[in-house]
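J.: Residue-level listing of the chains:
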Amino acid sequence: MSEPLSCHPAPPPETTDRPFLNGLWRQNPVFVMVLGMCPTLAITNSVRNALAMGLATTFVMVCSNGMISLIRKLIPKQVRIATYIAIIATWVTVVDYLVKAISIDVYKALGAYIPLIVSNCLVLERPEAYAGKKPVGKSLLDGLGMGLGFAFALTCLGTVREVLGAGTFLGVPLFGKDFEPWVLFLLPPGGFIALAMWLLTFTLWRERKEKIRRQAQQAELRQALEVIL
Amino acid sequence: MNSSGIPMVRTLTVVSLLCGLLIVLTDVNTRGRIRHNQEIIMRESVAQLLPGIQKQIIYSIEPSGDLTISTGLQGDGPRLFAGYDAGGRFLGVVIEAAERGYADVISAMYAYDPDKKVITGFKVIDMKETPGLGNRIGSDPEFTSNFKSLDASEGHPIATVKHGTKKNPWEIDAISGATISSRAVGRMLDASVKSTAPVIAHNLDRIKRGD
Chain R
0 MSEPLSCHPA PPPETTDRPF LNGLWRQNPV FVMVLGMCPT LAITNSVRNA LAMGLATTFV
60 MVCSNGMISL IRKLIPKQVR IATYIAIIAT WVTVVDYLVK AISIDVYKAL GAYIPLIVSN
120 CLVLERPEAY AGKKPVGKSL LDGLGMGLGF AFALTCLGTV REVLGAGTFL GVPLFGKDFE
180 PWVLFLLPPG GFIALAMWLL TFTLWRERKE KIRRQAQQAE LRQALEVIL
Chain Y
0 MNSSGIPMVR TLTVVSLLCG LLIVLTDVNT RGRIRHNQEI IMRESVAQLL PGIQKQIIYS
60 IEPSGDLTIS TGLQGDGPRL FAGYDAGGRF LGVVIEAAER GYADVISAMY AYDPDKKVIT
120 GFKVIDMKET PGLGNRIGSD PEFTSNFKSL DASEGHPIAT VKHGTKKNPW EIDAISGATI
180 SSRAVGRMLD ASVKSTAPVI AHNLDRIKRG D
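Chains as they are written, first to last, in numbering that gives the first Met the number 0: chain R, 0 to 228; chain Y, 0 to 210.
Do not rely on the hints blindly, as some may be mistaken.
Straight-line C-alpha distance at most 35 Å; calculated DSBU-like pairs for lysine-lysine [said to hold, decoys possible]:
| id | chain 1 | residue 1 | chain 2 | residue 2 |
| --- | --- | --- | --- | --- |
| 1 | Y | K147 | R | K107 |
| 2 | R | K176 | Y | K127 |
| 3 | Y | K122 | Y | K54 |
| 4 | R | K72 | R | K176 |
| 5 | R | K176 | Y | K122 |
| 6 | Y | K116 | Y | K54 |
| 7 | Y | K165 | R | K107 |
| 8 | R | K76 | Y | K54 |
| 9 | Y | K161 | R | K107 |
| 10 | R | K107 | Y | K127 |
| 11 | Y | K116 | Y | K166 |
| 12 | R | K176 | Y | K116 |
| 13 | R | K176 | Y | K115 |
| 14 | Y | K207 | R | K176 |
| 15 | Y | K147 | Y | K193 |
| 16 | R | K137 | R | K176 |
| 17 | Y | K54 | R | K176 |
Everything labelled a hint here was simulated from the structure, so no lab data went into it. On a predicted model such as this, the values are computed, not experimentally measured, just so you know.
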């Protein structure tokens with residue numbers, strides 16, 4: 000059977016011994032796996048929103064990955080999704096309460112976004128693909144890496160959209176009064192355009208790196224053959 | 000039930016109980032802090048809505064229409080915050096209000112001048128409206144400028160109108176792209192003024208004296 004068509008290149012194989020770096024870079028949830036598009040497009044109209052959402056998601060992912068991994072051997076295959084959703088929804092609720100109790104300022108920044116974490120398919124995908132099969136330590140690192148990778152990608156998008164759409168970075172004006180903000184970048188189409196730009200940049204960079212790696216391998220092979228012959 | 004179903008039921012039951020326990024424990028341990036934080040937010044909001052305020056008295060509105068002085072934010076009944084300056088001069092009242100928005104209930108406070116019968120300020124306390132769209136009701140300067148002097152006298156209901164079509168002092172100019180949330184604010188203020196303004200008018204002398 001021929002390979003199915005895909006709009007983006009297949010992610011590189013997972014390096015199981017480095018779960019943290021996998022999530023952060025090699026298998027970045029947004030730039031490589033293209034997961035969690037709803038919050039990625041919806042709330043990256045400013046750097047502050049993007050960072051807040053990324054960090055709250057990281058916390059939920061670490062906690063839910065850890066708990067799921069801890070009880071993974073007790074979860075029958077047929078009810079695993081229902082179990083994962085119950086655990087994730089619980090941690091989202093806990094985060095909501097904790098943030099409300101700990102700091103008013105953080106709650107003001109994060110409050111509206113916390114319930115949206117439940118709708119992020121990335122948070123459900125990691126238990127299914129990783130935490131449901133791996134030990135607790137690695138699952139915690141996977142949650143941390145994926146969460147921070149998600150926060151990094153959101154911040155990249157938020158930066159482009161806020162700088163071009165409002166002429167500010169974290170609310171600080173960057174240009175003079177004559178700057179005419181490109182408001183399109185704050186609106187939904189701007190989210191798609193900014194995402195496409197980042198995906199293109201990241202994919203081209205990855206392909207270039209892969210090409211260099213292949214050329215180096217071929218050179219090594221040639222040298223080895225020359226030595227043998 | 001066959002034997003293969005038992006582990007599923009067992010797992011789901013245990014996980015549900017664990018999750019419920021976790022939420023209850025978090026709720027019990029954070030309730031006091033959350034209430035304390037809410038009280039701070041309320042007091043800050045009252046101070047923002049009534050500039051120059053030095054003293055405030057919280058009144059609870061009883062179902063009979065009477066006012067009783069409240070010492071804190073306990074209880075669920077509607078509350079009035081009467082504000083006074085350093086010389087004890089009455090500045091106005093701040094009223095709590097809530098209305099169903101696009102995503103969930105929008106809780107807000109607004110400043111009301113009972114002598115002129117106008118709303119002089121509006122502030123959202125809690126909402127879950129769509130970030131970037133509906134949640135602009137709390138931050139959009141153009142929208143909040145509707146409440147600098149919004150006519151709340153009897154005879155014409157406070158109403159939200161389409162963006163750019165405001166003609167009368169009792170109309171609220173909606174945010175383009177956030178019509179549902181903007182309309183919710185209009186409904187909220189109209190209902191709240193209709194139910195609270197008569198109570199304030201009836202007790203105005205007492206509120207001005209601060210007793």
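J.: Each hint: holds or not?
T.: Hints, one by one, checked against the model:
For the hint linking K147(Y) to K107(R), the alpha-carbon distance of about 24 Å falls within 35 Å, and the restraint holds. Pair hint K176(R) plus K127(Y) holds up; C-alpha atoms about 33 Å apart against a cutoff of 35 Å. A threshold of 35 Å between alpha carbons decides the hint, and for K122(Y) with K54(Y) the separation of about 19 Å falls inside it, so the pair holds. In summary, the hint linking K72(R) to K176(R) is not supported, as the alpha carbons are separated by about 61 Å, beyond the 35 Å threshold.
Taken as a hint, the K176(R) and K122(Y) pair is honoured in the structure, with Cα atoms around 29 Å apart against an allowance of 35 Å. For a cut-off of 35 Å, the pair hint linking K116(Y) to K54(Y) stands: about 22 Å separates their Cα positions. About 30 Å separates the Cα atoms of K165(Y) and K107(R), which keeps this hinted pair within 35 Å; it holds. Restraint check for K76(R) and K54(Y): not satisfied, since their Cα atoms lie roughly 62 Å apart, outside the 35 Å limit.
Restraint check for K161(Y) and K107(R): satisfied, since their Cα atoms lie roughly 29 Å apart, inside the 35 Å limit. Of the supplied pair hints, the one linking K107(R) and K127(Y) holds, its CA atoms being roughly 11 Å apart against a limit of 35 Å. With a CA separation close to 19 Å, the supplied pair K116(Y) and K166(Y) stays within the 35 Å bound. With a C-alpha separation of about 39 Å, the suggested pair K176(R) and K116(Y) falls outside the 35 Å cut-off, and the hint is violated.
Straight-line distance between C-alpha atoms of K176(R) and K115(Y) comes to about 39 Å, which puts the hinted pair past the 35 Å bound. Restraint check for K207(Y) and K176(R): not satisfied, since their Cα atoms lie roughly 46 Å apart, outside the 35 Å limit. At most 35 Å may separate the alpha-carbon atoms for a hinted pair to count; K147(Y) and K193(Y) meet this at roughly 19 Å. This hinted pair does not check out: K137(R) and K176(R) have alpha carbons roughly 50 Å apart, beyond 35 Å.
Taking the CA atoms of K54(Y) and K176(R), the gap is about 41 Å. The hint is violated against a cut of 35 Å.
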